[in-house]
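Visitor: Chains as they are written, first to last, in this note's numbering: chain A, -7 to 269; chain B, 403 to 499.
What the hints contain is simulated information worked out from the structure, not anything from laboratory work. Be careful, since some hints might not be right.
Unchecked claim - To give an idea of the chain A side of the interface with chain B (calculated C-beta under 10 angstroms), a few residues: (1) Met75; (2) Val95; (3) Leu166; (4) His168; (5) Ile228.
Idealized CB from N, CA, C, for every residue including glycine.
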Amino acid sequence: MQLMTTIAYLVTAILFMLGVMRLRSPATARSGNLLAAVGMAIALIATLIANHQFAALGAVIAAVILGAVVGTVSARQVRMTAMPQMVALFNGMGGGAAALVSVGEWFVPGHAAGAGAVSALFTILIGSISFSGSILAFLKLQEWMTGRPILFAGQRILNGLILLFDVAWAVVLLVHGSSAPTSWLGLLLIGALVFGVLVVLPIGGADMPVVISLLNALTGLAAAATGFLLGNNLLIIAGALVGASGTILTQQMSRAMNRPLMQIILGGFGQIKSSAA
Amino acid sequence: MPQHLFVELYIFVLAVFVGFQLISKVPSVLHTPLMSATNAIHGIVLVAAFTVAVSVHGTLGIVLSTGAVFLATLNVVGGFVVTDRILGMFRTRKAAE
Chain A
-7 MQLMTTIAYL VTAILFMLGV MRLRSPATAR SGNLLAAVGM AIALIATLIA NHQFAALGAV
53 IAAVILGAVV GTVSARQVRM TAMPQMVALF NGMGGGAAAL VSVGEWFVPG HAAGAGAVSA
113 LFTILIGSIS FSGSILAFLK LQEWMTGRPI LFAGQRILNG LILLFDVAWA VVLLVHGSSA
173 PTSWLGLLLI GALVFGVLVV LPIGGADMPV VISLLNALTG LAAAATGFLL GNNLLIIAGA
233 LVGASGTILT QQMSRAMNRP LMQIILGGFG QIKSSAA
Chain B
403 MPQHLFVELY IFVLAVFVGF QLISKVPSVL HTPLMSATNA IHGIVLVAAF TVAVSVHGTL
463 GIVLSTGAVF LATLNVVGGF VVTDRILGMF RTRKAAE
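Whenever a hint applies, use it, and build me the whole structure from the sequences.
Guide: This is the structure in structure tokens:
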């Protein structure tokens, strides 16, 4: 059983890489996406065969059906011009899932210890930032709120302090391990969620796709960290692949727009120059 | 540091290099579909969500893992369908020209 799962994961990793390769040319791009989807299906089926003694089978089945239906319908119904915010929304869901997985593992006795605890806390931080940041990006692009940059005094300092607090708090949790009170972990979660919102607030307009691409790369890293937590090589490969390609893609997108990447990201830390333009 | 952690780090580093190599120099029309497709690929956390849904205990664990399964399923299914639609638009636009 173990061997079959390992082989299935290897096939999936190969299909993911071939899929991304084919996505580099317009003629083969659609088949590349299909290859990646087939790879995903193989990995999921293999996982379900190996792990099906769910703590709550009914809840898992309901979650899968509901997720598949909502995902398909919303992806099919949405206008073509609304595609970027759909990508942002689905990306946020992935980040949230990674964070929830790590919170769940954190509470399983003996699972999140040593390097596992580092991976879990890293995933909770990055996944939550990606979750709230992506949802804010969705709200902005969907124009459910103003799409323009929102700036206020001391924004850069506030963002820096919150990030600093979050990293320091993660270290505190690391020292205490899973014996730390639940509310402590909640504080880390809330801090990361707030940081994700604050980082995307001052970014607007044409910069949004670049930020979504960056959040996409972050979710990839979160998935890879989940792989370290669970000792799952496929998650590490797929997550690293997305994290690395997402980073390069972000750079290329900002270059195509003739905007230095640092200016866009640091825009998240209080950009005054471009708001005047 | 345990041995398996080293192996995992090797795998991570190599996959990062593959990711860098794959995406260097792509035409800018493909930026959005590539972002969307890689977005779907990190939906692989669904595998993690399934795994955790087996090992958790108690109500909190069940709620957390079920939530993770739901969100990750959205990521996978929505991600691939959106990418397919974006790329389908490419083809029709090309045919019209």
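Visitor: Now, for every hint given, state plainly whether the structure supports it.
Guide: Each hint, compared with the structure:
1. Met75: 6 angstroms, holds
2. Val95: 6 angstroms, holds
3. Leu166: 16 angstroms, violated
4. His168: 19 angstroms, violated
5. Ile228: Since chain B brings a Cβ to about 5 angstroms from isoleucine 228/A, closer than 10 angstroms, the hint holds.
Violated hints, in rising order: 3 and 4; the structure is consistent with all others.
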